[in-house]
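Visitor: Here is how the chains run, residue by residue.
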Amino acid sequence: MIRHHPLRELLTSRLREFFREPEAIFWVYGFPVLLAIGLGIAFREKPPDQVRVDVIAASQPAAGESGAATMRSTLAAQAGFLVEIHTEQESAARLRMGRSDIAVVPGEAFQYIYDRTRPESVLARARVDDALQRAAGRADPVSSSDKPVTQPGSRYIDFLIPGLLGMNLMGGGLWGIGFVTVDMRVRKLLKRLVATPMKKTHFLVAMVGSRMIFGLPEIILLLSAGWLLFEVAVRGSLLAVLFISMLGAVSFSGLGLLVACRAQKIETVSGLMNLVMLPMWLLSGIFFSSERFPTAAQPFIQALPLTMLNESLRAVILEGATLMSQGARLVGLAAWGGISFALALRWFRWS
Amino acid sequence: MATAELAIHCAGLTKRYESRTGPVDAVNGLDLEVSTGGCFGLLGPNGAGKTTTIEILEGLLAPTSGQVEVLGMAWRRNEDALRQRIGISLQETRFAEKLSVHETLSLFRSFYRKGMEPAAAMDLVSLGEKKGSWVGKLSGGQRQRLAVACALVGDPDLLFLDEPTTGLDPQSRRQLWEIIRDFGARGRTVMLTTHYMDEAERLCDQVAVVDHGKVIALGSPADLIARLGGDHVVEFAVNGAAGQAADAGHHDAGALNEAALMALPAVSGVRMEATGISLTVTQPHVAIPGLLQMLRSESLELARLTTRHVSLEDVFVTLTGRHLRDDQAPSS
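Line by line, the protein sequences are chains A and B. Residue 508 in the working numbering sits at position 83 of the first sequence, and the numbers go up by one each step. Residue 308 in the working numbering sits at position 322 of the second sequence, and the numbers go up by one each step.
Just to be clear, a hint being listed does not mean it is correct.
Simulated restraints on C-beta separations [what the hints assert, rightly or not]: (1) B/Ser125 to A/Thr626: 34 to 40 Å; (2) A/Glu446 to B/Arg160: 47 to 53 Å; (3) B/Gly126 to A/Ile462: 44 to 50 Å; (4) B/Glu83 to A/Arg524: 49 to 55 Å; (5) B/Gln53 to A/Glu446: 45 to 51 Å.
If you are wondering where the hints come from, they were derived from the structure by calculation, not from laboratory data. The beta carbon of each residue, even a glycine, is placed where N, CA and C say it ideally should be.
Construct the complete structure from the given sequences, taking the supplied hints into account.
Guide: Dropping the structure here:
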């Protein structure tokens, strides 16, 4: 019999266990793709320039009815307006529920009723006013024309795909390693393994290595789904994306080992995981840009490993940046992983 | 050299744990010498310190104080060499459910420089038919045999088994006993812990009876039994007040006091217990007529009377006044 290297045996054992667990497969591979599809559709199918306008019918039918009807036909004649006539009360309720963007009171002077904190309402105010003023005979001093372009790379889905990739690599590394490690400790399997001549570093390296291997289909699936369904193209080098993703997978599995290095119960490790992941979910720019947070918080946010991963993935995927240009972030990411791994090895509890 | 003959040598072993109620001495000055070859048993009730002791010997726990030498080596300097030569089955290990028997054994085999084929280890424990089955599908007895196979796959010189048959059905127990006996018969050494006296009696060449973290008796099962001064036990109970007095432990109640029973022919020991009285006797055919005569003259009526061979249980009860397995009042 050929005796396999223990590292190889440890690695294949992990892979077998993982691929024999259908639920794990779904959460690691299926769920992120479904999430991307769901969010992509939600933000794509919203008609970009339909303004929903309520024209308010006046309480005295004689004068007001015709005013409202005239205004409706004026607006309906132009593209991009969805006009309905409602009473003042109805339209107030519709505004509140987000069923309309703006309400207009017709008459000698127009009155616009809208919420100035809603961006779509502010836009609606400008467009409705523009349309009504022109219809009333306003002449523009300078003529202008539109040349519409849709640029892949600037849509929400373009922003989202790299963020989801980063989030997935973080979740996989932390849950995939942390949970499995604590489970093995609870089962006393870790204790049984150190009762053999197994090298401790072999075990830990196999855990991290297995994450790299699980990560590969994850990256390919998410990027392919983005490309095939939403035409999210990788502008930079595909190899660079792969390299950054792998570095992310390794770093987060190092962090996962650290989080799990002493926990004796699944509940403990779950709590610790959430503690570690929650700030990054919120701050590291998965669903919206981390630049929205105050400047004072930026040094902290930029030092988070997920921010480093997400920003460098976005730079390469969306802007075609080179690997070298992301050097500082990648070194930072590698440092997170390396330091975590070293501490985990030192503090690791085997029984 | 004498120590070269020894598989295990430990002296003055202690292990102190801090608990909420203060320090607890799980092992409290334990000395042991186990010679090479055969099966050595640590026998004691739950909480006696058996597992702590065996885990110190296995190099999984550090003792608070004391010396340990395994196969002539100390753990601190020779960990890898020792690990290569010993096999361990912990009290409870749940192996990966989704790996097959063969895969599990290949994994464990890969850690050892020399050893047996996974298939050979499987055959040793009669799991050949289950080669491709996932561990999650195995019965309790099969899992325990797999645990032993994982301990055997590195072809160890010394095998540690912590409570190898706890919770198993009688057939699985006998199967495991056979595996362990075969291993011992090949000149290797087995050290096991158990709280089953029958297991210790049938399996072990040498037994150390452990209580409160100390060895309280050491020898072959036959030796230990012989030290009680008789081969047989006569257990009986009587109806009525005298019986109840004895139940409550009033040894001077009526005629059934210890001194009177001790004076009966062929009786070498008397034990008053909650459920009756037990006599250690050398010759039942001499002791029983004497007992009956005494009961008749006191007008006492027998509620029951049984005889059996002396067991290690009796040794333990004689030494400690307690049973190995006190089901009514489980201790700690």
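Visitor: If a hint holds in the structure, say so; if it does not, say that too.
Guide: So, going through the hints one by one against the coordinates:
1. The given range of 34 to 40 Å is respected by B/Ser125 and A/Thr626, whose C-beta atoms sit roughly 36 Å from each other.
2. At roughly 36 Å, the beta carbons of A/Glu446 and B/Arg160 sit outside the given window of 47 to 53 Å.
3. The hint said 44 to 50 Å for the Cβ distance between B/Gly126 and A/Ile462, and at roughly 46 Å that hint holds.
4. Taken as a hint, the range 49 to 55 Å holds for the pair B/Glu83 and A/Arg524, whose Cβ atoms sit roughly 53 Å apart.
5. Under the hint 45 to 51 Å, the C-beta atoms of B/Gln53 and A/Glu446, about 46 Å apart, fit the expected range.
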